[in-house]
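Visitor: Listed here are the chains, written in short residue letters.
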Amino acid sequence: MNQSAISVAPRQDDPPYRPGEPAALFIPCYIDQFYPSIARATARLLKRYGVPVVYPTAQTCCGQPAFNSGYWEESRRVIRHFCDVFEPHRWIVCPSGSCTAMCRVFFEQADPDPRIVGIGRRVFELTEFLHDILGVTDTGATFPHKATLHIGCHGRRELGMAGPPQKLFESVRGMTYCPLPDMEECCGFGGTFSVKMPGTSLAMGETKVQNIVRSGADVVVSNDVSCLMHIGGILRRKPETKHIRTMHIAEVLVAGWEERE
Amino acid sequence: MYTQPIHLDGAEFLTEKTKGLAEPAAPGSLGVNAERSSKSNRAVTDSVPYFQDWREAAHQVKRYAIANLDKLLVEFERNISARGAVVLWAKDAAEANEHVLRIAREHNVKSVVKAKSMVTEEMELNRVLETAGIRAVETDLGEYIVQLAGQRPVHIVTPAIHMSAADVGRLFAEKLGEPMTEEHTKLADIARRHLREEYLQADMGVSGCNFAVARTGTAVVIENEGNAGLSTATPPVHVAVVGIEKMLPRLEDLPLFLNLLPRSGTGQKLTSYTHLIHGPAPGRKLYVIIIDNGRSNVLCDPAARAALYCIRCGACINNCPVYRHVGGWAYGWVYPGPIGSILTPHLLGMKQAGELPFASSLCGACSEVCPVKIDIPHQLVHLRHRAVNEPSPMRSWTERLTWSVWAWMMAGPMRYRLTMTGLRIGVRLSRFLPWHPGKLGAWTRGRELPEVPGPDFRHWWKRNKNKYEP
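Residue numbers (numbering that gives the first Met the number 0), protein chains in the order written: chain L, 0 to 260; chain W, 0 to 469.
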């Protein structure tokens, strides 16, 4: 656990997970629409470890965009919908550190209703659920590429969980891990910040891209695809960085699985 | 955004070149220097095995102090005035300036030496003294440099962090007629030589105060260059300006902060000098001005109270990626970086500083290094919430409407699907647009939009769910 995290967000992991208990997928809107392969990989990972998966189809969004923009009244409406949908589920798993931080940390700030706070604390980031709750240390994935890891700031600092993605990533076989210089630095996405202060956001992204190039990796992996949407957008804009791909950690953790399933 | 300079009581801020917070306009050296100090300071704090415990303890001491300010301030006044100091209260910068000018008139002051103090920057004391025909010279090397250059500090601890040694050499050559040099020791010698004269001539010294200990009535000033010692002890009159949030309950609480502040500020285990001022020396005068200047606005907002725990170390500023790119002046006032973004809206009001809380990606790097554990990102979102609900440049009915529509669309699965279908079509079509308006244009200025893949996850799940469901 990162000792200097802002606040170690309380999570509802007591009583401990009992084998056979189902997990509800919370698939953030941009993953649902633009990166469905991440959601598929998430479902496969959970199934692999014997976790029955349910996907409440009425789910929409965690309310973070409005919350971070200051529109808490509007955000609350979406948060309440989230809670209505996920109330029956004991374990909620989400392949995004940022959306998980919204549920676990910021629900309380947006709406101190104990029902809302309680449901928010049942949300787990995927690698955190695999590593801390299920005790997975190696998914048996094979990924023969030069890859680097960027851990999103919300997961790292609001949830204090840089360990699980790092450990699971390092366990991947055949991969050349190229450590990212200044890895703990923000990529500059920041949600609406990216379009409210575009020049500053881009300058921060350029710094991140320079570090990715310095790492020598061909693939940038993260547990937050929102960072990757921004980083990948910059990478693809320029001919000299176009070849560098972005991938979510869930996709890497199932890489090379086909033949054994 | 943030194109207008902030004006306060007719004072002109932000005269230096800046493109505001939305564009990176800081000289490269500023970012490099801030990052370097952040890393080296971090190495120092990380090497202390109990550093996290120190932070927690400091947070608790400050929490107690700020919660009991009413008692501690009076206790401090009683104890320091019992030893002959004159304590004056000022509700704002104007009142504090009046006090200083009255003291200056009383003692027939012609020139003033100033030790580094951010609260006197809030008061714009140099300009006020100048207007009254009193010469004021900054004696901290960094402050001296920015004063000579006619600028404002870009940083609260290292005011000239944006300048290289060559910049300073050129400045000294131009303003002081000294031979050009880039050597640090020679530059320090030049400043020392010029400043020595100032201390000897000065009729009054003005300083800030890092900590004010209530139980013993002690004003604590820490520094490295010896200039604060000379400024406060050489002239016959010393005026210390103390923000109300500087209180510490007991002298026993001080060592913790003397350990934390230099490590987080400059990576030192201790500053070169620590002055504990208990009262005036025989035959001299000590005035202590206790100033509010908007700080009690923070007390009125319980969710923001921790902003007053700040001990002005600048760690959050050095570690802030936004600050490194936009520089100090972009924040428009005395306090730049994350601490400025959560303090200035209270001190100046939302109307003037409502944009500041939005100048952050909410990455939390500030909070991670804060020695008194201020939850800066949480305060930023809290202030954003206030900024869009109170009179401020960020309150906008069109944006309110947009988010209301968004919330309605996101509060039901059918509406969500409809919105997302529209979004997918929009992203696909946007490739054919000759130019991108508004926020879309802000995104595509330097970034590609994501590719739109085949069917969304829901479709896949419908076909495959029996393999996964219990």
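Read the hints as simulated data drawn from the structure, not as lab findings. The reader is advised that the hints may include incorrect statements.
[What the hints assert, rightly or not] Pairwise CB distance ranges (calculated): (1) L/G19 to W/R35: 51 to 61 Å; (2) W/E196 to L/K237: 50 to 60 Å; (3) L/R213 to W/R430: 29 to 39 Å; (4) W/E468 to L/R172: 29 to 39 Å.
Treat the numbers as computed from the prediction; the structure is a model and nothing was measured. The beta carbon of each residue, even a glycine, is placed where N, CA and C say it ideally should be.
Visitor: Taking the numbered hints from earlier one at a time, note which ones the structure violates and give those numbers from smallest to largest.
Guide: The structure conflicts with no hint, since it agrees with every one listed earlier.
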